[in-house]
Amino acid sequence: MSTLALLLTQTVNALSQSALLFFLGVGLTLIFGLMRIVNFAHGALYMLGAFVGYSLTHWTGNYWLALAGAPVVVGLFGAAFELTILRRLYRRDAHAFLMVTFGLALVVGEAVRLTWGPDALQVPAPPALAGVVFMLDEPFPVYRLFLVATGVVVAIAIWQFLERARLGLLIRATSQNADMANALGVDVKLIRSCVFGIGCGLAALGGVLAAPLVTASNGMAGTVIIDAFVIVIIGGMGSFLGSLIGALLIGFVQVFGNYYAPDFSLAFMYLVMLAVLVMRPGGLLGKEA
Amino acid sequence: MSGQFRPSRRAMLKVGLAGAATVASPAILRLTAEAQTGPIKIGMPVALTGPLGTVGQQTKRGAEFWAKLQNAKGGILGRPIELLIEDTAGNPANCVRKAQEMVERRDCRLITGITLSSEALAVVPKLGEWDSIFISGINGDGRLTADSFVPNFFRANISGPMGTRAVSLYLRKSNMTKFYGLGLDYAWGHNSIGVFEDEVKRGKKEFVGKIFAPTGTKDYSPYITKIRQSGADAVFLVMQGDDNNAFLSQAQQYRLPEKVKLLTEIVDLASIRAVGDASLGLIGSSRYSFTYDQPLNNEFVAAWKKEYGNPPDTFEGEQWQCMKVLEAGIVKAGGVEAAKLRPALEDLEVESVKGKVFMRKCDHQGVQQGFMVEVKKKAGFDTPVPEVISTFPGDQTTPPCNAMTYKD
Amino acid sequence: MALLELDGVTRRYGALVALDQVAMRVEDGEVRAVIGPNGAGKTTLFNVITGTVKPSAGAIRFAGHAIGGLPSHEVCRLGISRTFQITSLFPEMSARDNARLSAQARHGRRWQPFGGAKVFAESEALADAALQQLGLGAIADQPAGLLSHGDQRLLEVAMAMAQQPRVLLLDEPTQGLSVEETAQAVETLARFLHASKMTVLLVEHDMEVVFRLAQRITVLHRGAVIADGTPDEVKADARVQDAYLGGLE
Amino acid sequence: MSRSTRVKTTTGMAALVVALVVLVLAPLGLPPFAMTLLTEAVILGLFAMSLDLMFGYTRLVSFGHAAAYGLGAYACGWMLLNTGMPLLFAVFAAALLTGAVGIGVGWMCTLATGVSFSMLTLAFAQLLYAISFKWTSVTGGSDGLAGIPRTVGPFGFAALSSKAGFYYLALACLVGGFLVCRALVRSPFGAVLRGIRENEAKTTALGYNTRLYKIAVVAIAYGLGGLAGALYAPFAGFANTELLFWLLSGQVLIMVIVGGAGTLIGPVLGAAFFMLMEHQLSAWTEAWALYFGLIFIAFVLFAPQGIWGLATGLAGGRLRSAEQRH
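Chains as they are written, first to last, in this note's numbering: chain V, 1 to 289; chain D, 1001 to 1408; chain P, 2001 to 2249; chain L, 3001 to 3326.
If you are wondering where the hints come from, they were derived from the structure by calculation, not from laboratory data. It is possible that some hints are incorrect.
Said to hold, decoys possible - BS3-like cross-link-like pairs, simulated, lysine-lysine; straight-line CA separation at most 25 Å:
id	chain 1	residue 1	chain 2	residue 2
1	D	Lys1226	L	Lys3134
2	L	Lys3134	D	Lys1218
3	D	Lys1407	D	Lys1204
4	D	Lys1178	D	Lys1205
5	D	Lys1332	D	Lys1068
All chains should be modelled from the sequences, with the hints used to inform the complete structure.
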């Protein structure tokens, strides 16, 4: 394998991992930006997405329906949780959210295990994406290219949504100053439900998309929640662009780090985060904390 | 699970901090008196949930099935069998606490079914103090019968080094010459890859590299690329659970098996189900498979299918064998006290689902056949199944006493 | 020699010059108001003096010490205490505990990790005295967050006073108060300033308040001092009128 | 001080003394396993209490407090296994070492505030976790250190290695830790911590170098957390990577919140509650995590002040009704 081929395949590969990380991070950061909630259940919802995706694939026999359906199902679940539980807590200390989302993570995790059983479940990539393409004579899975493409599309969609759509404008306004938005007649309560739902749906999207790579399993939640935190912190809590940059940074660091210095793979991410926070305590694009 | 103990356990909870001490004491006295004649209690602190929940669930079923059949026959020595199964979530702190409760509060002196090596290694040093026997049904860590060996520990299952040894014995006959090793980055992975590297070199073949992946790795592409670049004919995997599934899925997506043969230290049905066709062609040692053509196994598989509908899984079979060894030991000893049971288990020979198992005295390792299997499609099964392609006698696969490496 | 002396103090934020060569002298016992249109740099001036913001250039001397660029906690311990434009209190603590914590900051035992009521006696005495001075004795046990807005503003002053500062910096002490509340607060402050002979630097928008409290006035415009004198002199100054009217356009 | 607060304080003191007497007498009546549980609850209680100094009193939310526990456990375990040091010495040396490391951690993490502070503590804990995994020669890698002895040492502390003796050691550490923490939060130093909790900018403006105070409180919390970890290693006989994992950091935060942050005693009760609930629920049902999660959510909704809030609320209610009767 030539060095060029190596760099090319690993770069595309890092982009595909960044896409998955981005789906997690952007949901977390939207929720934090609006509600100042660090959502500990984000990993559990990502896992829920993968399992819902599994069931939808099996019932409908169509991966694409699962891809579209799982985020909707999980997003609605998230919005319902916001409506019934979180809504009562906005005047409370931040640690109420910490505990309630921790509780939610446990409940979702166990509910998944009771519903789908303890064994990992196969979610194969759809036949159209199951093949390989040759990049400089090296086989590369089409599915990973699809992940990169999805990442680009979703990133642009969210960006345009926040910039152009009315709901996006309202979300940005409410993130900057909820009281002011409220005074101007924005239904802040509705916005919060929407954003929590959207954030959870994005996590679920990440889960469905990751399932063909790692299977749908009970262990999924624990392995991604910290990654998602790190991305969001590196980028700056609440910053959309920050979560994109954080996801790219961590995606590349993990892929190239694991290739060139696999012995340090447990430490890379944290060293990057330490370095970023020591230089910029609020994260790359965050406000000075 | 043993409903009759709930009242006193609830009392315990109340006692916990308040210190209403006298409530529980009579129960302890009663339990001690029961120990000679009451039910035979077997404690199983198992990881029923958490990353290795799948494995724990299998051990639980294997033991439960045995207890059910045995109790239907009137128990052992006329005493019913009572399994105390509790979840540790795979955390050694929980495992030690649960085991200690079984010993101290419920007067149970027999432990089995512990899931993780780290849990087993935390429990083993306490066995003397507890005056209890721990018979492993699935723990593969070589150290348990080597550096960390204690007299009250027995292993009825195939250890990691034994599995690796079977693979390397198989490879001596093959025409593959260059090998790579990929292991999970913890003790089991390091030990087994170490044994494999050693075996390959002694077999006058080439070991071209090794790499260790942390548990919970989601993207294996950098490793897959390294394996492909190494020019190896085959890669030896020491992986399990989610990590194994992720690697096998991604390796297939990268078309790795077309260039490099996949060998594994352990072939597990749950993994085969999780990754489907990505497991086809995988060759590895097997701890247990329902496809072994042994008279006792055919009988066991038939009974199991009748009970559960599916054939038994890897650790269901392993734990079943362990329970059969334990059963023979208890019958021979005429009781479960460590002082009687330890000598009874030593040099005990049992006819099992895998053939003969001989619990050698020197390090309490069960000497047994090693099986090599290949994962193939088979008519009548939705998912691929492991088929035996070779067997090796126990004296070839078992390491020297209290050792983890081989001499020849 | 003046107690507080600024010389050529400049603060730049990129291209923006928030403070431009500011020079001023505040004598011991003087009540000095700093006025100017919005964005004139009044709060930046306070931030630079108290060390919250470092000056880009220039010297600040306080009672013989060069304090330009010192961290704010050190400036504070030399004897400069301040209040904030936006009320900043410890809302769950009682008014007394607010003042006590403030007094303790100048205390040798502020690091002492043990000892209860006794070690606090001295700070508590200072705190109570300060609360009395500002007429807050009766509400000393109430949580600060539950006080009326006017009392909260006065509590901030009391907290600053509990430190027995040599200079007190008041940043818009009547900010956000109703007309009635303002009148009351100003009377209390005037009485207190008269009685205490405290050196005060005051930023205030409300000219009534300024003329009621201050002996001398410094006018800032676009970061630079454009006038400095008695209230009457300043009122008559053409540049001041221009700046204010200009600011209104 | 008003009459009712004085009554409340006296009742509180009386309740504490009664609890202490019960705890001291416990080994006389409790069966062996109850002692095992109680000892573990005491150790975890000390751990949770140490975090309360940071979390409850200073609003420094650490996502990595397991670092202190694990470091204390590994340091103590290593000394007991490799140096033949007596138990008491190893325990306190490990606590001191952890406290010293805490100074460095505090210095680093207080560069940031808010969620960034939390993430820096997490990063630090996870780096220690990675080290414990990789530095096999010292930490035993993924297997951890096992068979840690309770070396008695030369000064006739033989009683400490027994079950009851070790319990008394742990209890003495908890009571000592509590007295230290209580003195701390009531002292001038503690007043500054509360100031930082409520309004850090104002505290700085008042002339306090708040960063130094924060570094100090992180170091103290690490020292006490390290003491708890150092007790755990010889108690359980092992130390392994789980003790440094982020999951434990999350759990100890929950213990503090469930118990009642900023009350010192509350987190101790929270730790005991958490440990006993997990132990008992997992004995009754495999789906214990589900109930566990529901309990937390219920606590947030219905008992926002935690166990301590419930207890004092009940006691306060009785007092009020008693006053009404008079």
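Here is how each hint holds up against the structure:
no.: 1; hint: D/Lys1226 - L/Lys3134; result: 21 Å, holds
no.: 2; hint: L/Lys3134 - D/Lys1218; result: 20 Å, holds
no.: 3; hint: D/Lys1407 - D/Lys1204; result: 14 Å, holds
no.: 4; hint: D/Lys1178 - D/Lys1205; result: 6 Å, holds
no.: 5; hint: D/Lys1332 - D/Lys1068; result: 21 Å, holds
Hint compliance for this structure: no hint is broken.
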